[in-house]
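Colleague: So you can see what is in the structure, the chains are spelled out below.
There are 2 protein chains.
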Amino acid sequence: MRWRLDISYDGTGFSGWAVQPGRRTVQGELESWLPKILRLDAPVALTCAGRTDAGVHARGQVAHLDLADPAVDGGWLVRRLTRVLPDDLVVRRMTVAPDGFDARFSAIWRRYVYRIADEATEPDPLLRHLIAPVRGTLDPDAMRTAATSLLGLRDFAAFCRQRPGATTVRVLLELGVARTHNAVEITVRADAFCHSMVRSLVGALVAVGSGRRDLEWLTRIAEATVRDPTVTVMPARGLTLEEVGYPPNDQLAARAEQARTRRELAESGAGA
Amino acid sequence: MRWRLDISYDGTGFSGWAVQPGRRTVQGELESWLPKILRLDAPVALTCAGRTDAGVHARGQVAHLDLADPAVDGGWLVRRLTRVLPDDLVVRRMTVAPDGFDARFSAIWRRYVYRIADEATEPDPLLRHLIAPVRGTLDPDAMRTAATSLLGLRDFAAFCRQRPGATTVRVLLELGVARTHNAVEITVRADAFCHSMVRSLVGALVAVGSGRRDLEWLTRIAEATVRDPTVTVMPARGLTLEEVGYPPNDQLAARAEQARTRRELAESGAGA
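In order, the protein sequences belong to chains B and D. Under this note's numbering, think of the first position of the first sequence as 9, with each following residue one higher. Under this note's numbering, think of the first position of the second sequence as 9, with each following residue one higher.
Simulated from the structure, these hints should not be mistaken for lab results. Hints may be right or wrong, so weigh each one.
According to the in silico footprint, chain B covers these stretches of chain D (three or more CB under 8 Å from chain B) [said to hold, decoys possible]: (1) 9-21; (2) 96-104; (3) 249-262.
Covered stretches of chain B, as calculated for chain D (at least 3 residues, CB under 8 Å) [stated by the list, open to error]: (4) 9-20; (5) 46-53; (6) 127-136.
Backbone N, C-alpha and C define an ideal beta-carbon position, used for all residues, glycine too.
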């Protein structure tokens with residue numbers, strides 16, 4: 009039986025989502041507790057929607073897990089996990105997944121928010137672990153104009169750490185900039201992200217918003233087919249995976265198959 | 009010359025505002041750095057609007073400080089402090105105080121917010137240091153009705169740790185209850201607070217909101233002239249001093265004199 013887990017974590021104390029030997033990771037923490045609680049002999053394997061890097065937070069991470077025993081009670085398991093997990097990691101819900109659900113391949117979008125404190129925002133030490141500071145004062149209007157120019161289906165190679173054979177073509181659905189009381193919040197929503205893409209997009213917008221770069225620079229580098237070294241990758245601390253979107257239940261399987269096929273084509277070289 | 013300091017801190021790592029030998033406190037941190045930066049031979053003394061307890065946070069603490077040198081640049085001093093202060097403590101602004109200003113005695117109200125996670129709120133590990141958990145599910149309507157019964161000028165002895173000779177009469181201006189996505193937020197605003205008053209008021213509302221106690225109990229204990237042992241003092245972690253209110257500049261001195269006189273009368277026994 010496949011289960012859907014809804015997970016939140018403060019990334020500060022984790023070396024990211026994915027298991028790494030000798031490191032404290034979100035996946036590692038969960039995969040070590042689940043077999044103990046369920047008294048399983050075999051290890052379990054979690055698949056997540058967004059493999060966050062070291063220091064990146066999540067309020068809306070989604071993962072799936074297959075369990076042989078059909079008699080597991082999700083509510084009971086969440087309560088047991090709450091008792092043993094460290095307080096920077098919460099499994100909010102654990103529910104039987106609908107047919108065809110795959111946390112990674114069924115997802116149709118991921119929404120991240122990057123929070124920045126500039127010299128016009130009110131410093132808030134209570135949220136310091138969620139907000140990355142920058143020097144000077146950002147111009148949200150300039151950033152919004154720049155953001156609009158990046159929307160849609162395109163090759164984001166300039167903003168990605170290259171992986172051999174992997175595509176860097178993505179659909180950027182939303183790139184919003186809003187100034188709140190204590191942060192400039194950049195909302196980034198795309199069908200999927202390549203490595204370091206959110207933090208590079210934000211770095212490019214910050215360069216424009218601070219006046220160090222202009223729209224012409226952005227337009228030029230956005231055309232590049234390799235990573236542009238003048239784009240700053242912003243620190244992990246400001247980044248939070250807020251939500252993952254899935255299609256209606258009757259489209260989950262088709263979406264997963266489509267995403268898996270595209271990924272395979274890309275990795276065989278045909279998609280890039 | 010008198011200066012006004014606007015201060016925010018994450019209370020988690022502090023033994024409260026007030027200097028205590030051998031403890032890390034907000035006042036102690038500031039009073040140790042200010043003479044170093046200003047190259048003063050004598051110590052400085054800060055007076056604050058709300059002496060927060062160990063673990064209590066502040067986003068809107070206000071303090072004053074008298075400096076002999078009239079040539080100090082507030083903006084420069086804030087930048088220097090930002091460089092040396094630990095990142096859980098921020099002096100947001102330092103401005104020349106208007107005539108008659110006293111951070112403590114000129115204040116006309118203090119506004120605190122207490123944040124609670126019950127079983128109906130979405131657990132948020134990113135804000136876990138600001139939100140205190142309770143078991144069960146609170147009923148905000150019942151809490152609002154209870155809150156309304158406590159408003160106005162009255163003796164809050166039932167909710168205060170007694171100090172000999174000190175008055176426990178206060179004006180409770182606002183006691184609001186709102187459920188947000190990840191917390192039940194209780195806003196408490198009064199002319200002033202006696203010791204443990206906010207956390208005791210919240211403890212009483214939680215008792216009513218969880219169904220453990222009823223309005224009759226609250227009405228009965230609210231009449232008491234000594235601290236009621238059945239009232240739970242909520243943990244510090246959920247409490248944040250959000251804002252301090254001052255009258256228009258031309259009323260600062262009169263307000264300070266009035267508050268100081270009342271305090272002296274109370275401490276001589278005449279006011280209680």
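Colleague: Are any of the numbered hints broken by this structure? If so, which, sorted upward?
Modeller: Violated: hints 3, 5.
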